[in-house]
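The task is simple: from the sequences and hints, build the whole structure.
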Amino acid sequence: MNQHLSSLISAVLLSSACAFAQTDLKVDYADRQYLGNVAAESSNPVAVHYMPISDLADLHLGYRYENGNLHLIDGANISSAWEASFSGMKRVGKVTFNGFLVYNNSSLRERRWNNTLFISDRNPFIIADSLKSTFHPETFHLHGGAAYKPSDNLLLGLAATYLVGSSATQKDPRPEIKGMRFRLTPGVEYSFGRHAVGLSGEVEWLSEEVTHTVVKTTTPQYLLLFQGLGIFETKEAIGYRRKYNGTHWGVQAQYVFNNSGDARISNFLEGGFFSEFEDATDGKNAQRYKGGRYSATGFRASERFCLRPSKRTAHNFTLSGSMASSKGKWYTQRTSTDENGNIIYETINASDNLEATDMEAQLGYRFDRLSSSGLPLFQGEATLGIENSETKNKVYGAKESYSNVWLNLSATRRFKIKKGILAAGLNAGCRMKLQSSINLSGMPDTYDRIMQLYTRPAFHAEIADFWQAGASLTYSLPVRILGYSSVMEVGVDGGYRGRINEDRYVGSDRLNIGGRFGFVF
Amino acid sequence: MRKFLYILPIVAMFLGFASCSSDDEVIRHTLTVNVQLPSELQTKASETQPASLYVTAFNTSTSQSSVAPVNGNSAALELIPGTYNITVSGELESYNINGVKTGVDVFSNKSVTIDLIATVPSTLVFKEVYFSGVNAYYFQDAFYEIYNNTDEVQYLDGVIMGIVDFGFAPSSSDKSLNSVWMADGKYIDGKYPLTSHVQCFPGSGQEYPIQPRTSIVVAANPMNHTARVLAEGDDPSPVDLTNADWQLYVDLTGFITDTKFEGVPNMTNIWKTWGREMMPATDGQPIILAKLPAGVDPVAYAADASSVAPVPGGTNNCFMIPVDCVLDAIDIVNADPADHVKRIEAKDDAGMTWVSGANGGSGSYTGKSLRRKVAGFTIDGKAILKDTNNSTNDFVTGGSTPTPGVIPTTVD
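If you read the protein sequences in the order shown, they are chains A and B. Take 1 as the starting number for the first sequence in our numbering and just add one per residue. Take 1001 as the starting number for the second sequence in our numbering and just add one per residue.
Think of the hints as simulated: they come from the structure by calculation, not from any bench. Quantities reported herein were computed from a predicted structural model and do not represent experimental measurements. Do not rely on the hints blindly, as some may be mistaken.
Per the computed footprint, the stretches of chain A lying under chain B, defined by three or more beta-carbons under 8 Å from a beta-carbon of chain B, are [what the hints assert, rightly or not]: (1) 326 to 339; (2) 348 to 358; (3) 389 to 397.
Beta carbons are placed, not taken as given, at the ideal position from N, Cα and C, and that holds for glycine.
Here is the structure:
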C-alpha cells in the first residue's frame, strides 16, 4: 500500500507544483473547466485531456460548521470540520496529469447508531452503539491521474484514488475505526472525426477495522450488530472487533460528440454497470463470527447536451439515472468446539434475507452568460430529481418504501470590483415525498424498542419534507506571490434547511455555514 | 407550464418502474413434528386420545413461540428460518406427556421425530426459587420453597437439594455449548453432576413431615433482607426471610465463612467444593430435588469416593447422583435464547425457564424469582401447583416478585 501512496503523491505534486501560468483565466476555473469540456464529469480518466485549463494549482483551506437535528439517523447534531486541499493539473507533452490531496479533520458531536467510516451507504451490516458521543474522524483523500495521447485518435488514461482515515470516541464503548479505500480507474478513448467512444473500468478495495474498548468495566456495555431495518444482535462491547473487507468493480462506456470548448453543439453520453460486496467478520483467529455479507449490482447512465448559440451563451441539459439492487446475507451460526477444544462459530445457514432497490433520476438545466474571456457572468441552474427506495426483510416480512422528488434552483452573478471579481450566489430548493410506507407488523416483540428508537426515525429522516435556502459570496483577486501570478480566493457561504410538516421522529432544522481561503496558481 | 407537462410522463414512468418489483416474498418453512408415544402408553392412547397434546417451537433468535396441535401423530408448523427448541406437551389419564428436541435447524422444509415421555406428577416440588439477587452483587437473600403437591403427608428426611453442573467445555464458560456430561439429551453415565454445595434434610425417615398442600422455605440466610443498609448503587432486597423454616449453612473452611442463625434448623451440607452460598448462578442454573433409594444414607453416600467424578476433560469434581432419584427438577437457564441449552433430562423437565432482565436480557440482580403457577384448588381451597413436567409451562415466564411462604390464592 505504501507504493500506491508514494505513486499518488508523486502524481499530485507533478500535476500541481509545475502549474503557474494563465492566471487571468483561473478565476472561477472550475466553471470554465465544466463549460469547456462536455465530458468533464466522465468516469473515464482520459477526460482530463479535454480540460480547457491544463496548467493550474489550487491550494485551499476551509472550515464548515453545521448545527441542527434535521439529519439522517446516524448523523451528528453538531459537526465542524477543517479541510486543507491541494489540487492541480499539468500538461507535459502528450500527457496530462491531474490530482488532489485533501486532509479533513472533523468533530461530530452527539452522534450514535454507526461506528463505521467508509463502508457503503447501502451496507446494512453496521456495527453501532446507542449512546451519543463525539467522533473525531480524520481522513486523507489522494487522487492522481494521467491521460496520454499516443496518437491523434487514441487516448489512454489511468487514475488512482486512495482514501484513508480513522475515527474514535472517548466515551464507553469506545470504537477505534481505521479504514481505507483504494481505487484504480483505467480508461481508453478512440476518436474519429467529431465523434469519440470510450471505455473505462474501475476496481476498488475496501478495508476497515473497528475495535472497541471499555474503560469503566463495572458497567456492561453492548454493541448492536445491525442486519438491516433495525434488526440486530447484541454482543458485549469490551474488546469486540469487526473487520470489513470489500471489492467494487465497474465498467462504463462513453460516447462524446464534438468535445471542443467552442463547439456550438456537443454531447456526452455514458452508461455503466457496477458490482460490489462487503463482508463483515468479527473476532480473531479461529473464533471468527460472520457479521453478514452485503452485495449489490447496478447501472447508471448520464447524458449531457451542450448548446452554445454564441460565444457569450451556454445551455447545458443533463439527464441521469441510476439503479442499484442490493442484498444482505445473514449467517446463522452456532458455537461449538474444534478438536483442540477451541470455541468456534459453525455456520449452519446462509441466506439473502434482506433485499433493497434504490433508484434515482435527475433532470437538469444550466444557463451561463459568459464574458469575452469565458468567465460566467451569470449562471442559473435548475435540477429536478426523483428517487425511489424499497427495502424488505424476507424473514419477518418487514418492508419500507418511499419516493421523494426534489427541486434545486440556484443563480450566481459575478461582479468586477476593483481588480477582483465577486461572485454572489443564491440557492433554494425543497424535497417532497411522493409516497411512503413502512410495515413492521411481522417483527418479533423483542425488536419493539429498536423500532421506535431507530427504524422508524431512520425511515422518517429519509422521507421528511423540507425546504432549504442558502447564499454564498466568493471574492477572487489576482495577486503576485513570490513573483508568481495567482488568484487569491476568499469565500463564505451559509444555508438553512427546515422541515415542512410535523414529524415526531425527525428534527426540525439544520444550519450550515462555511468559509474557505486559498490561492490558485 | 407546457414544458413542465413534458416532465410528468418521465416521473410517471419512473414511479411505474419502481413499483414493478416482485410480490413480497416472505420465507417460511414447514416443520413437521412426528411424535412417538412410549410403548407402554400406546395401547392406552389408542383407546383414549391424548388430550391437548400440542407442539411448541421456540425460536432461539427471536424468543418467539409457535404452537400447533398434534393431529394423529404429527403436527405441522410454518416457521421463519432459524434454530428452534421443540417441546411437546400434553396429558393422558394421570400421566404428563412430554418430549423435547433442542437446536433444531429449520432452513428448509423438514420433519423431526420426538419420542415422548410419560411421567407422573412429583410429590414434592419447588414452589419457588429466588437466586437472582439485587444490586450491587447481593445474593445472600436466596431462598428455595418446597411444596407438598399431594393430598398426603410427605417427609423431607433424606431429601437432597443440588445445583447441576454446567458441564463447560475445557477452558470455557460458554453456556451456549452443550454440557460435556451429556449426549443426545441424556447424561452419559446416568447421573446428574452436582456442583458447589449439596444439601440434605436430616432425619431417618419420618422425622420432618410436610403437610399436604403446604410449603417450607429454605433460606440461604434466614433474616430480614429488606432491612439491609444500602450504599450508593444498592437496590433493596425484596425478601424478608425471618420466618424461614430451614437455613443453608455453608460449612466452608477458609476466610469466607457463612453465618449460622440460631433457632433455625440447618440442612446438612453433605458435599462441597466452592461458593459462599448454596445457590445457582444469578442468571440461572438448573437445580434438582432428589432422594436416594430406601436404606441409603445420604451422608454415607456422599462420603464414598465413587460418588464423585471429575468433569470430562477437566479436573473439577462433581457429586454424582443417579437420574432415577430425582423428585423434581427445574432447568433454569440464562434469559439469552442462545443459552437455552438443556441440562436437565426431559423426563425430569421437558422445558426450560428463566428470569428476564431489561429488554429480555440476563436476570442477574433483578430481584425476581421463579414461581410455579397455580393450576387449581382442592375442594377445601388448597392450591394445586402446576406440574406438567415442563418448566416453560409450569413457571411464571421471566420471573416475578418473590413471595416466600405465600401460596397464591388465584389460578395463574
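Outcome of the hint check:
1. 326 to 339: Satisfied; 5 residues make the cut.
2. 348 to 358: Satisfied; 5 residues make the cut.
3. 389 to 397: Coverage by chain B holds here, the residue count being 6 at a Cβ distance below 8 Å.
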